[in-house]
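Visitor: Produce the entire structure from the sequences given, and follow the hints as far as they go.
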Amino acid sequence: MKIVMAIIKPFKLDEVRDALTAIGVHGMTVTEVKGYGRQKGHTEIYRGAEYAVSFLPKIKIEVAVPTDLVDRTVETVTAAAKTGQIGDGKIFVLGLDNAVRIRTGETDSAAI
Amino acid sequence: MQATKLPAGLVRAGLIPTGLGAAALIAGACLLSHGASAEVATPHPMPPAPTFNKGDNAWMLTATVLVLLMTIPGLALFYGGLVRSKNMLSVLGHVFYTVCIVTVIWVLYGYSLAFTGGSAFVGGFSKAFLSGVNADAQAATFSVGVTIHELIYVCFQMTFAAITPALIVGAFAERMKFSAVALFIPLWVTLIYLPIAHMVWYWGGPDAIDAAAKMLSAATDAAAKATAQANLNEAIADAGLAFGWGAIDFAGGTVVHINAGIAGLVGALVIGKRIGYGRELMSPHSLTMTMVGASLLWVGWFGFNAGSNLEANGGAAVAMTNSFVATAAAALSWMFAEWLINGKPSVLGALSGCVVGLVAVTPAAGYSGAMGALILGLIAGVVCLFFCTAIKNALGYDDALDVFGVHCVGGVLGALATGILVNPALGGAGIMDYAIGKIGEYNLATQMIAQSKAVLLTLVWSGVGSLILYKVIDMLVGLRAAPDQEREGLDITDHGERAYTM
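As given, the protein sequences belong to chains E and B, one line each in that order. For the first sequence, the tail end lands on 112 under the numbering used here, and the numbers increase by one without skipping. For the second sequence, the tail end lands on 1502 under the numbering used here, and the numbers increase by one without skipping.
Source of the hints: derived by calculation from the structure; they are not laboratory data. Misleading hints may appear alongside valid ones.
[Stated by the list, open to error] No farther apart than 20 Å at their CA atoms in a straight line, the calculated lysine to aspartate or glutamate pairs in the EDC-like style are these:
#1 B:K1273 with B:D1494
#2 E:K40 with E:E106
#3 E:K40 with B:E1280
#4 E:K90 with E:E62
#5 E:K82 with E:D71
#6 E:K34 with E:E44
#7 E:K2 with E:E75
#8 B:K1344 with E:E50
#9 B:K1177 with B:E1497
#10 B:K1273 with B:D1398
#11 E:K60 with E:D71
#12 B:K1344 with E:E75
#13 B:K1273 with B:E1486
#14 B:K1273 with E:E50
#15 E:K34 with B:E1280
[Said to hold, decoys possible] Simulated restraints, written as ranges between beta carbons of each label pair:
#16 E:E75 with B:T1288: 37 to 43 Å
#17 E:D108 with B:E1280: 45 to 51 Å
#18 B:G1396 with E:A99: 43 to 49 Å
#19 E:R103 with B:G1343: 51 to 57 Å
#20 B:E1280 with E:R17: 19 to 25 Å
#21 E:T29 with B:N1393: 43 to 49 Å
#22 E:D18 with B:T1288: 30 to 36 Å
#23 B:R1487 with E:E75: 41 to 47 Å
#24 B:I1492 with E:Q85: 36 to 42 Å
Model, not experiment: these values are computed from the prediction. For each residue, glycine too, the CB sits at the ideal point set by N, CA and C.
Guide: Below you can see the structure in the form of structure tokens.
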């Protein structure tokens, strides 16, 4: 099992969700985050006070998937979240030791 | 707070309905002079008993609550949206507290010290605790023989006294602790606002001047003439210092805006910059709130400006028109200027321009013509933008919400422009001279000197007085929140509450 964590552009969330559902990934956790990579921020000006805003709003998606689904998941997110512009985001794959479904007590693959 | 444009005799006699504007003004002037000459034939003309009508009183009741609306929630939201979310409740609290404490002060001694005779500098205590001001008491308007209920006038002026110190809190927002604000506001109103309001606005009303002038014209022998002249001089002299100079301020350019604006600048300088000013992100937390607040200010300002006419007549119509025109013009000029300078049309710029236009037109509201107000607004938007950006950044002071750049600069501009725009040759209303019963001769130099003296008087009185007050309060309780409290936000550290729980 792995955690696939993707940082994407906020307006791509629905497309990514639909694409993941289509390949059989059911369930995800979504967080509103801010950050920066290669994409430059922008400036905001309030009555002459100029602020460089370098942390941009992004969406962080976390999905737990069985190991055999990891590659397809990464490919699917990459395809769905891509615009070709700088700032499309990144995907990180992390190891996952255990999983438990709280309601039933099922563990590992049965729980995700 | 100044001369009405409709000759009063006609209103009193019911010859014409009020509110006909310029046409009535001209027609009225002719009829009045005719009426005056008829009265000369009477040996001892008795001034008729003052009359009031329910229309004037209904309008002033409405105008009073409109001015309250300017402050809460208007100004509170306008300011609140501009601070960081951790200080939202603090700003709302400062404004709300100000309204409440000033209301109490006003009925205890504030009204009496501002609006009774005494010296040229401050009134007396004859109406302290609203002594004698009951449901029957009448207050003078700007028409001879026309009054409104004095209690309405008390409440109307109360709302002016409340909004003025509330404007100041924007300058030291996000760092002055509540206990210091709680002391500063009542002391400032007592020692700065009440004397300035008295000096600029207090006069004995038109009736005594009119009656003395009629006695003078009716006097036949030298002794009677001398007595009548003495009466007239006495009636004219019953006024505040700046009023006596001939300075005109329709709704509070000096009393409200210059007064608060310079106190704000001094406060920002004394208390110092916010931690992280110029380095950390201090962007407004909700321009939505600021838009709602600015719009409520605009709506409420019709009570402020048109209400300052004290009667529902053509003068109020003039003030209302100017308060539309100058405001829109200033919002546009600020926004387009920022568009040219920064490449983007700033919505905050349009909202700031809106308030600047209202400030600038305040002293001119009932005096200027509509085209004069248009030009005043266009100029005010650009001038105040320059002060709030280039000059503030160059000097480096942290006037957090631009109380100086908006209210003091806009107020000075408006007060001086009023001296020009009042000129009937420029479409202005002129200044009523009650001693001769008609619009007086206009002289640019005389009027500008009077306007400048009133501006300087307010700048010095409020600037120096506020400096002393800040220093005294700093010694008593300390002005500034501790650095860790300032970082955490005054909502939690001062009030133990949060504006938003999400």
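Visitor: It remains to establish, for every hint, whether it holds in the given structure.
Guide: Taking the hints in turn, this is what the structure says about them:
no. : hint                            : verdict
1   : B:K1273 with B:D1494            : holds (19 Å)
2   : E:K40 with E:E106               : violated (45 Å)
3   : E:K40 with B:E1280              : holds (18 Å)
4   : E:K90 with E:E62                : holds (12 Å)
5   : E:K82 with E:D71                : holds (16 Å)
6   : E:K34 with E:E44                : holds (16 Å)
7   : E:K2 with E:E75                 : holds (15 Å)
8   : B:K1344 with E:E50              : holds (13 Å)
9   : B:K1177 with B:E1497            : holds (15 Å)
10  : B:K1273 with B:D1398            : holds (5 Å)
11  : E:K60 with E:D71                : holds (19 Å)
12  : B:K1344 with E:E75              : violated (40 Å)
13  : B:K1273 with B:E1486            : holds (11 Å)
14  : B:K1273 with E:E50              : holds (17 Å)
15  : E:K34 with B:E1280              : holds (17 Å)
16  : E:E75 with B:T1288: 37 to 43 Å  : holds (41 Å)
17  : E:D108 with B:E1280: 45 to 51 Å : holds (46 Å)
18  : B:G1396 with E:A99: 43 to 49 Å  : violated (57 Å)
19  : E:R103 with B:G1343: 51 to 57 Å : holds (55 Å)
20  : B:E1280 with E:R17: 19 to 25 Å  : violated (36 Å)
21  : E:T29 with B:N1393: 43 to 49 Å  : holds (44 Å)
22  : E:D18 with B:T1288: 30 to 36 Å  : holds (32 Å)
23  : B:R1487 with E:E75: 41 to 47 Å  : holds (46 Å)
24  : B:I1492 with E:Q85: 36 to 42 Å  : holds (41 Å)
Going through the hint list in order, the structure does not satisfy hints 2, 12, 18, 20.
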